[in-house]
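Chains A and B are the protein sequences, given in the same order. Residue numbers for the first sequence follow this note's numbering, so the first one is 18 and each next one is one higher. Residue numbers for the second sequence follow this note's numbering, so the first one is 4 and each next one is one higher.
Think of the hints as simulated: they come from the structure by calculation, not from any bench. Here the structure is a predicted model, which is why all the values come from computation and not from measurement. Be careful, since some hints might not be right.
As the list claims (entries may be wrong) - Derived DMTMM-like pairs (lysine to aspartate or glutamate); straight-line CA-CA distance at most 25 angstroms:
(1) K376/B x D52/A
(2) K376/B x D53/A
(3) K132/A x D52/A
(4) K190/A x E442/B
(5) K51/A x E442/B
(6) K376/B x D183/A
(7) K391/A x E376/A
(8) K190/A x D366/B
(9) K168/B x E143/B
(10) K132/A x E143/B
(11) K132/A x E445/B
As the list claims (entries may be wrong) - Short derived list, chain A residues pointing at chain B, Cβ under 8 angstroms:
(12) M46
(13) V48
(14) V90
(15) W93
(16) V163
(17) R184
(18) I185
(19) I189
(20) A197
(21) L200
(22) I204
(23) L467
(24) N471
C-beta: ideal position from N, C-alpha, C; glycine also.
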Amino acid sequence: MMQDVILNTTALPHLLTLLIVLPLIGVAMMVFFKDDAAVKYVAFWTAGLEFVLSLPLYLWFDPARYEMQFGEVVPWITTPPISYAVGIDGISLWLVLLTTLLTPICVVCSWTAIKSRVREFMIALLVMETAMVGVFCALNFVLFYVFWEAMLIPMYLLIGVWGGADRIYAAIKFFLYTLAGSLLLLIAIIVLYFQGGQTFDILALSRAQYSDSLQAWLFWAFFVAFAVKVPMFPFHTWLPDAHVQAPTAGSVILASVLLKMGAYGFLRFSLPMLPDASQRFTPVILALSVIAILYGAYMALAQSDLKKLIAYSSVSHMGFVTLGIFVFNTQGIEGALLQMLNHGITTGGLFLCVGLIYERTHSRQIADNGGLSKPMPRYAACLVIFALSSLGLPGTNSFVGEFLVLVGSFIYSKTIAALATLGIILAAVYLLWMVQRIAFGVPTGKTAKLTDLNWCEMATLVPLIILIFWIGVFPNPFLTPMHASVAHIFDVMERGVLP
Amino acid sequence: MTFVSTADLLAILPELLVMAGGCLVLVLDPLTSKDRKGRLAYFSLAVLGAAFVVGYWFMGALTGSPRPAFSGLYVLDAYGSFWKLLLIVVSGLVILLAKAHLKLEEIDLPEFYAFILLSLSGMMVMVSGTDLLVIYLGLELMSLSLYVMAGFKRYALRSLEAAAKYFILGSFSSGILLYGISLLFGRTGSTTLAGIRDGIAGLPAGDPILMLAMSLLIVGFGFKVSAVPFHMWTPDVYEGSPTSVTAYISVASKAASFAAFLRVFLEALGGLKDDWQMLLVAVSVATMILGNVVAIVQTNIKRMLAYSSIAHAGYALIGLVAADAFGVASVILYLAIYAFMNLGAFAVVTMLRRGGLEGDDIDDFTGLARRNKWAAFVMLLFMFSLAGIPPTAGFIAKFYVFMAAVGAGMTWLAVLAVVFAAISAYFYLRVVMVMYMREPGETAGTPGYDVRVVASPATIAVLLVAALGVIILGLFPDPLIQAAQSAILPLR
Numbered sequence: 018m019m020q021d022v023i024l025n026t027t028a029l030p031h032l033l034t035l036l037i038v039l040p041l042i043g044v045a046m047m048v049f050f051k052d053d054a055a056v057k058y059v060a061f062w063t064a065g066l067e068f069v070l071s072l073p074l075y076l077w078f079d080p081a082r083y084e085m086q087f088g089e090v091v092p093w094i095t096t097p098p099i100s101y102a103v104g105i106d107g108i109s110l111w112l113v114l115l116t117t118l119l120t121p122i123c124v125v126c127s128w129t130a131i132k133s134r135v136r137e138f139m140i141a142l143l144v145m146e147t148a149m150v151g152v153f154c155a156l157n158f159v160l161f162y163v164f165w166e167a168m169l170i171p172m173y174l175l176i177g178v179w180g181g182a183d184r185i186y187a188a189i190k191f192f193l194y195t196l197a198g199s200l201l202l203l204i205a206i207i208v209l210y211f212q213g214g215q216t217f218d219i220l221a222l223s224r225a226q227y228s229d230s231l232q233a234w235l236f237w238a239f240f241v242a243f244a245v246k247v248p249m250f251p252f253h254t255w256l257p258d259a260h261v262q263a264p265t266a267g268s269v270i271l272a273s274v275l276l277k278m279g280a281y282g283f284l285r286f287s288l289p290m291l292p293d294a295s296q297r298f299t300p301v302i303l304a305l306s307v308i309a310i311l312y313g314a315y316m317a318l319a320q321s322d323l324k325k326l327i328a329y330s331s332v333s334h335m336g337f338v339t340l341g342i343f344v345f346n347t348q349g350i351e352g353a354l355l356q357m358l359n360h361g362i363t364t365g366g367l368f369l370c371v372g373l374i375y376e377r378t379h380s381r382q383i384a385d386n387g388g389l390s391k392p393m394p395r396y397a398a399c400l401v402i403f404a405l406s407s408l409g410l411p412g413t414n415s416f417v418g419e420f421l422v423l424v425g426s427f428i429y430s431k432t433i434a435a436l437a438t439l440g441i442i443l444a445a446v447y448l449l450w451m452v453q454r455i456a457f458g459v460p461t462g463k464t465a466k467l468t469d470l471n472w473c474e475m476a477t478l479v480p481l482i483i484l485i486f487w488i489g490v491f492p493n494p495f496l497t498p499m500h501a502s503v504a505h506i507f508d509v510m511e512r513g514v515l516p
Numbered sequence: 004m005t006f007v008s009t010a011d012l013l014a015i016l017p018e019l020l021v022m023a024g025g026c027l028v029l030v031l032d033p034l035t036s037k038d039r040k041g042r043l044a045y046f047s048l049a050v051l052g053a054a055f056v057v058g059y060w061f062m063g064a065l066t067g068s069p070r071p072a073f074s075g076l077y078v079l080d081a082y083g084s085f086w087k088l089l090l091i092v093v094s095g096l097v098i099l100l101a102k103a104h105l106k107l108e109e110i111d112l113p114e115f116y117a118f119i120l121l122s123l124s125g126m127m128v129m130v131s132g133t134d135l136l137v138i139y140l141g142l143e144l145m146s147l148s149l150y151v152m153a154g155f156k157r158y159a160l161r162s163l164e165a166a167a168k169y170f171i172l173g174s175f176s177s178g179i180l181l182y183g184i185s186l187l188f189g190r191t192g193s194t195t196l197a198g199i200r201d202g203i204a205g206l207p208a209g210d211p212i213l214m215l216a217m218s219l220l221i222v223g224f225g226f227k228v229s230a231v232p233f234h235m236w237t238p239d240v241y242e243g244s245p246t247s248v249t250a251y252i253s254v255a256s257k258a259a260s261f262a263a264f265l266r267v268f269l270e271a272l273g274g275l276k277d278d279w280q281m282l283l284v285a286v287s288v289a290t291m292i293l294g295n296v297v298a299i300v301q302t303n304i305k306r307m308l309a310y311s312s313i314a315h316a317g318y319a320l321i322g323l324v325a326a327d328a329f330g331v332a333s334v335i336l337y338l339a340i341y342a343f344m345n346l347g348a349f350a351v352v353t354m355l356r357r358g359g360l361e362g363d364d365i366d367d368f369t370g371l372a373r374r375n376k377w378a379a380f381v382m383l384l385f386m387f388s389l390a391g392i393p394p395t396a397g398f399i400a401k402f403y404v405f406m407a408a409v410g411a412g413m414t415w416l417a418v419l420a421v422v423f424a425a426i427s428a429y430f431y432l433r434v435v436m437v438m439y440m441r442e443p444g445e446t447a448g449t450p451g452y453d454v455r456v457v458a459s460p461a462t463i464a465v466l467l468v469a470a471l472g473v474i475i476l477g478l479f480p481d482p483l484i485q486a487a488q489s490a491i492l493p494l495r
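So that you can see chain A by itself, here it is in the shape it has in the complex (with noise of 0.2 angstroms):
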């Protein structure tokens, strides 16, 4: 029997916590602070030490083990045993690194993009990370759960207060959604309690054997919850609302870290603790997984507004990640895992570059926003290696991700890996076809006039830019980590049914 422990053995013990608290003590600062620009400061200063702090989670990591790392576990509810339980592995490594890298990215690229009410927008978006941190760390499932929930308030705000025209109507349905689906989550999760040993250690539940027939009943429960985050096909309506309503950092947080979350959902639980149900319904989520791709490149073919492009691409890329994750082998998971990564830093680039027009033009449809090449070359230039790395162009991060996944799925399918590939030429047509509209494109009266980006709008794109390339040409830094913890899935999932 194999033992899942929980490991500690850095320098710094209360690492993770930290991380969870430390945008909360930033959050309490900006009380003190009583004008707007010294509470963008402390923001900025929370996020910028949050990401420096979160480092050496990288550099101590240990690629050799499969264990969780940097683990803690302290007592936080004794009737039923509850406990505060966090710890990574390489899995959440990278999503917990994505997040702390976007946040002071988002905190820059709403320095003059929100006017109205900065504070409560800093404290929202502050709040968001330390959700998002704690998702990814809990190894306690009802720890997790909050973590999971918490979100919805600060995003439902995010979206509502500073969004688009039809804010409202984004924000309650993006909260209806999400929340209709977590609620039969945490259903799931108190019937795995009384069926999984009393216990809701995420480590312990993925060791404990349940019948086929609850198993089929779970993974359906798990499967709504994850899929309306995702999003899957056809949970997926809410997304282009949200997308487009909410401010560029709302965007950027949904598309780069909330949509991993449904993944990191599927990878986490559904096929550690539900391994034989993930085998037997797993045609069903490969055939949605392909409609989302063809799908969703097919409808990003058809917008004229650039969120919504970007949107429905979002749809089609998560479509590669979740094919990547059921087709169960090491390429396939392996590639969902870098897809998840290099989606979050390719679109959370491409939506930045849509927010950044969108400061300058007030639209965000393509038709008002052509030929910037020749007032705007560097921000043509970012754009332009943003879509290419979304297409997955060689040399970029996205081509050895889909590649991986697409070698995963060949394998386990030739049809399947043959229908994703077609989403892969879809996406370079829309992204294609859109870049050279924008960049290329005729200039129209009042884009001939723009001024380019300034050193501060580009250091929100540098740093992604250079990651792109960074896991383009040598992946392997980013792979390593990966290896243990997904062999150490399919060990888990090998484990038996109840009989």
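With the hints as your guide, set chain B onto chain A.
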């Protein structure tokens, strides 16, 4: 043989303190000059403080074993003590709330505090009585005081209507309850809970008179906790009563009635569990459905909170339906947490003034975040907590109720409950939406125009306690959970 022993009187010391305090307020009222009448509120608070200290001390001294008093009609146990302490805290908060609110409504009469204390003593009797007639006495003392308080805004027709409605329907329900008690007595020859339990054990299963008596008891208690289909009074009474009274009815009377409901059904009618479980499942489901669905279309915040309070009764009933130790603990936890969030929500309502009136339309909350960001923020907390979103305490409450349902093998009930919890989020979020996502009206006739926020120190104190309660019990619920767990011991 002495009729009443010192030990008996000692056992009801907190009750006696509160009752005597209530009577003293009535006596002192005409003796104090007009400008000093406000001090009677502080006197009432001091009485509550003393009762709390004594009650707390008693609970500590109990060490788990219940102490019967008055030859088995009454009991001093951890269960009753927990409820008493909760009810004392709630009453204290309502007095603080009323201090500012009554002045705004121009009904600042010291009798109000007397009625609070008297109804509180009734509730304390309800939660500790082990004889149906004693419980009935407590219930009536509570209800009669509440009827008067509902009509406290004498000049307002709505308030008088609320009082009349509450009184007439309440009397009916009391009569039905009494009828059930008399049938039980006729069948089992006893009115004490233990005697009824023994009597039922000797009767054949499915005895029709017993079934009737049980149903009548469900009607009586169902009315008090506003469970469907006995909820009709709730929206009108909640809307018409002065808001501080509404807060009191929605929190304290509901908690006390649940406490008695649980004790009677688990201790006396435990033998009929299979029968009442079925009925209560239906009641609970109907309550959740009606409360949550009808709340969606409300435009008055007090009516919305009334339907929300109906829905919450449905959730709490799940714990009673589960009918095990965990279920009872979940009900206790639910109502304790509900007390903080609901009191808080009503406290915010008392602060809003539109012209000389109370701003009790949801529209009056439009743009509140611009007018007063702290009021809006705490209201946001209470709304998310009522919706059951973590990390607020409301989540912990719902989580325990759902656990009780799944633990008792009623997963389908838990699934149904979460579906309606998701629906409920819609109307709670609407309040957040109008506060944060709409701008206050600039011209007369637009929503939110001409709304002032009156924040008196006493109200702020109530809001602070409620908001901290919602946050702290959400993040560190363990002390309360342990207290609830130890409070169920005597019921096992």
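Item to check | When the least beta-carbon distance from A197/A to chain B is tested against 8 angstroms, hint result | outcome: 4 angstroms, holds
Checklist entry - Once the shortest beta carbon distance from V48/A to chain B is found, is it less than 8 angstroms? => result With Cβ-Cβ at 11 angstroms, over 8 angstroms, it is violated.
Item to check | Distance restraint between K132/A and E445/B, which requires alpha-carbon spacing of 25 angstroms or less | outcome: 21 angstroms, holds
Checklist entry - Can we keep the V163/A interface hint, with Cβ of chain B closer than 8 angstroms? => result Because about 4 angstroms separates V163/A from the closest Cβ in chain B, which is inside the 8 angstroms limit, the hint holds.
Item to check | Interface hint outcome for V90/A [beta carbon to chain B under 8 angstroms] | outcome: Constraint on V90/A not satisfied, violated at 15 angstroms.
Checklist entry - Hey, K132/A versus E143/B, does the alpha-carbon distance stay inside 25 angstroms? => result Between K132/A and E143/B the Cα gap is close to 58 angstroms, so the pair fails against 25 angstroms, i.e. violated.
Item to check | Hint validity - M46/A Cβ closer than 8 angstroms to any chain B Cβ | outcome: 17 angstroms, violated
Checklist entry - Taking the closest Cβ pair, is R184/A under 8 angstroms from chain B? => result 7 angstroms, holds
Next on the checklist: Hint check: K51/A vs E442/B, CA-CA at most 25 angstroms. Holds or violated?
Outcome noted: With a Cα-Cα distance of about 23 angstroms, the restraint between K51/A and E442/B holds, given a limit of 25 angstroms.
Item to check | Holds or violated: K391/A to E376/A, with C-alpha atoms at most 25 angstroms apart | outcome: 18 angstroms, holds
Checklist entry - Should the hint that N471/A touches chain B count as held when the rule is a Cβ pair under 8 angstroms? => result Violated, because the Cβ-Cβ distance from N471/A to chain B comes to roughly 31 angstroms (cut-off 8 angstroms).
Next on the checklist: Given the hinted pair K376/B and D53/A, is their Cα-Cα distance within 25 angstroms?
Outcome noted: 16 angstroms, holds
Going through the hint list in order, the structure does not satisfy hints 10, 12, 13, 14, 23, 24.
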